[in-house]
Amino acid sequence: MKQLTCIICPRGCQLTIDDNLNVTGNFCKRGQIYALEELTNPSRTLTTTIRVRNRKDVLIPVRTNKKVPKDKLFDIMQIINKTTVLAPCHINDVAIKNVLNLGVDIIFTSEIK
Amino acid sequence: MINCQLVIIGGGSAGMASALKAYQEGIKDIIIIEKDDKLGGILNQCIHDGFGLDLFKEELSGPEYAYRFIQEIEKLNIRCFLSTFILGIDNDFNIKILNKDGVEIIKAHAIIFAAGCYERNAGAINLMGDRPSGIMSAGTAQKYLNIKGYMPSKRVVILGSGDIGLITARRMTLEGAEVLAVLEIMPYSNGLTRNIKQCLDDFNIPLYLSTTVKQVIGKSRLEKVIACRVDENGNFIDGSEIEFDCDTLLLSVGLIPNIGLIKDMGIRFSSTRGPVVDELLQTDKKGLFACGNCLHVHDLVDHVTNEGYLAGLGASLFLKNKIKENLNVEVIAKNYVSYVVPQYINTTLLDNITLKFRVKKPLKNVNIVISDDKRIIKRIPKLTLLPSQMENIVIKTLDLVQNNGKIYVDIEMKI
Ligand SMILES: Cc1cc2nc3c(=O)[nH]c(=O)nc-3n(C[C@H](O)[C@H](O)[C@H](O)COP(=O)(O)OP(=O)(O)OC[C@H]3O[C@@H](n4cnc5c(N)ncnc54)[C@H](O)[C@@H]3O)c2cc1C
Ligand code: SF4
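The listed protein sequences correspond, in order, to chains R and C. Under the numbering used here, read the first sequence as residues 171 to 283, first letter to last. Under the numbering used here, read the second sequence as residues 13 to 427, first letter to last.
It should be emphasised that the hints constitute simulated quantities derived from the structure, not laboratory data. The beta carbon of each residue, even a glycine, is placed where N, CA and C say it ideally should be. Any given hint could turn out to be false.
[As the list claims (entries may be wrong)] Straight-line C-alpha distance at most 20 Å; calculated SDA-like pairs for lysine to any residue: (1) C:K209 x R:K283; (2) C:K426 x C:N347; (3) R:K283 x C:N347; (4) C:K166 x R:K283.
[What the hints assert, rightly or not] Where chain R lies over chain C, by a calculated footprint (3+ residues, C-beta under 8 Å): (5) 57–65; (6) 355–367.
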């Protein structure tokens, strides 16, 4: 038996997973999917910023376009912090392609003209 | 002098939503005044995701959520005065502004006040000891990191376990700082459980409940924080001190509506510190509306946006001279309910009214009861109620028409 807090929405259901992988305590279906994923391959969306090289003191917020394995968060941060980008930047455009070969892109979440 | 039908003060999520709604209702002569150099408000520094689940069924980051509204405002060509400061507002709605073009007066017919909130700082709580540098609010640290790209610390203690504190803890950890502890004076956290999980547990950051800062030590820069457990009455428990060697203490100890500009307009304020309003979010002063965090502090941006829409509707009805006050109902918070917005219901213009409130302490297995002096209007069972989560209860205006008096929002324990 395992206890987990569902992090998919602000409701924060307390989930229980028994030895046969039955999930209880979830208010909606997404909780069940989350619980099984969290046990096998815990993953998170990473949000951070990247420095814009051709603007003085300007950062642009970015995110991973898919969830990434939790244990890769710091490795991805290292790559992002070594990277700079050139403005203009557009929301949803790719800042870093296929980071760490995870099949995940780092995308802009804002605009810089 | 610029003449304008509707002036919106603050271009955050509340202000932008109110502008869009008023425009949709036919009020096209609108100016948004924003002191920052862009629209979006606090969302610009909230780069984490978790915004918009209610409204868009998506988990957006703060800037992405803001962008959806900024785009609309730009498409409609709604006038925005950015990097503009307000020097004062008089009782005839003459708004004196200052920007790169100099000083100007805008004469408004109606005003929507949407200026957000500010964070309580070290002066607002009683910190004993030295006053070194390195003590700042969590939101300030968030701004340093996310907007200016400057890391203010290496070893951090955070006081207060509200969502801003939790989110800043994760952010600083990802950027290489060591967050030694989050301290919370109450026996429960004020943050969402999902944030405790994904911001603290994920990074093995300990949360100390019933614990606060007893003393700060440091000559010029902070060197040490002495934390101590407290009993039920908030008194330090001797011998339970824990020392943390740290260069930064972040305070996440509460948000306060930013009402400086309207506090001398002869209107009443409620226990939220925001103005008293009716169901259209109109204050005591006719034509002055308020929404968002300057009215009461919200945890979810979706609620702020909806409140902005309502204020935009209210202001447009006012400008079309459609507000006839045909009701007189006072909404009263009882016992465990710390406040209710709105405080008055004055018209039958809306079919449904959303009562928003918070409880004073965590409660389990209760009913929310809405009643008047004669009967119960609505009874809603709830498994848990938390002070950190705003509740929304919708009632029908029809249920109030026979009433003209008081209605009560109360919590009853289930046996
Ligand atoms: C740090 C933090 C984290 C949050 N995290 C989440 C989350 O994960 N999920 C979620 O759903 N919600 C979250 N929220 C809640 C929600 O996002 C905010 O409550 C909401 O965005 C507030 O909108 P607002 O328009 O009321 O205020 P603000 O966004 O603060 O906007 C007020 C605007 O008014 C301007 N202003 C103030 N005074 C003046 C003046 N005198 N003249 C001109 N302009 C002025 C300010 O510059 C600002 O742009 C968070 C809030 C904070 C503070
Ligand atoms: S189970 Fe569903 S309702 Fe509960 S927290 Fe997860 S997503 Fe939200």
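Verification of the hints:
With a CA separation close to 36 Å, the supplied pair C:K209 and R:K283 exceeds the 20 Å bound. For the proposed pair C:K426 and C:N347, the alpha carbon gap of about 15 Å is at most 20 Å, so the pair holds. Distance hint between R:K283 and C:N347 is unfulfilled; the C-alpha atoms sit about 52 Å from each other, more than 20 Å. Taking the CA atoms of C:K166 and R:K283, the gap is about 33 Å. The hint is violated against a cut of 20 Å.
Counting residues of the segment 57–65 of chain C whose CB lies closer than 8 Å to any CB of chain R gives 5, which reaches the minimum of 3, so the coverage claim holds. Counting residues of the segment 355–367 of chain C whose C-beta sits closer than 8 Å to any C-beta of chain R gives 0, which falls short of three, so the coverage hint is violated.
Hint compliance for this structure: hints 1, 3, 4 and 6 are not met, and every other hint is.
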